[in-house]
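Generate the whole structure from the sequences, applying the supplied hints.
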Amino acid sequence: TLNEIHIPVDKPVIFHISSLDVIHSFKIIALRICQDAIPGMSIPSWCIPNKTGRYQINCAQLCGNGHSAMTAGFLSIDSTEDYDSWLVQNTPADGEGGGMSFE
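Under the numbering used here, residues 26 to 128 are what the sequence shown spells out, in order.
There's no promise every hint is true.
List of simulated lysine to aspartate or glutamate pairs, EDC-like, C-alpha gap at most 16 Å [what the hints assert, rightly or not]:
hint: 1; residue 1: 36; residue 2: 106
hint: 2; residue 1: 52; residue 2: 107
hint: 3; residue 1: 76; residue 2: 103
hint: 4; residue 1: 36; residue 2: 103
hint: 5; residue 1: 76; residue 2: 46
hint: 6; residue 1: 36; residue 2: 107
hint: 7; residue 1: 52; residue 2: 29
hint: 8; residue 1: 76; residue 2: 106
Since the hints were made in silico from the structure, they are not lab data.
Take a look at the structure:
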């Protein structure tokens, strides 16, 4: 889904963090990542996840009236086999639109 990110375990991952409106903060406690998301900027944050699981992504910046109800989604750290299967199922066929980028 749009609110779930899948990444493989034991491989370097770079998140390019940005915002469309105000300053937010991309936070994944299990990976010890907390990076501000600033409009108009793409800020890299990287990790090498070493444990599979599903973790909540939070906004750690008080960013407006709806902040307390804001959940950014989930991060799923998958085994290599599960990630490869997910990637095959979720990669658009040639010629179809799509805005996701997988590296």
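Outcome of the hint check:
The hinted pair formed by residue 36 and residue 106 meets the criterion: a straight-line CA distance of about 13 Å does not exceed 16 Å. With a CA separation close to 24 Å, the supplied pair residue 52 and residue 107 exceeds the 16 Å bound. Annotation: proposed proximity of residue 76 to residue 103 holds, straight-line Cα distance about 8 Å (limit 16 Å). Note on residue 36 and residue 103: the hinted pairing holds, with a Cα-Cα distance of about 11 Å set against a maximum of 16 Å.
For a cut-off of 16 Å, the pair hint linking residue 76 to residue 46 is broken: about 33 Å separates their Cα positions. With a CA separation close to 14 Å, the supplied pair residue 36 and residue 107 stays within the 16 Å bound. The hinted pair formed by residue 52 and residue 29 meets the criterion: a straight-line CA distance of about 14 Å does not exceed 16 Å. Under the criterion of a C-alpha separation no larger than 16 Å, the hint pairing residue 76 with residue 106 is consistent with the structure, at around 14 Å.
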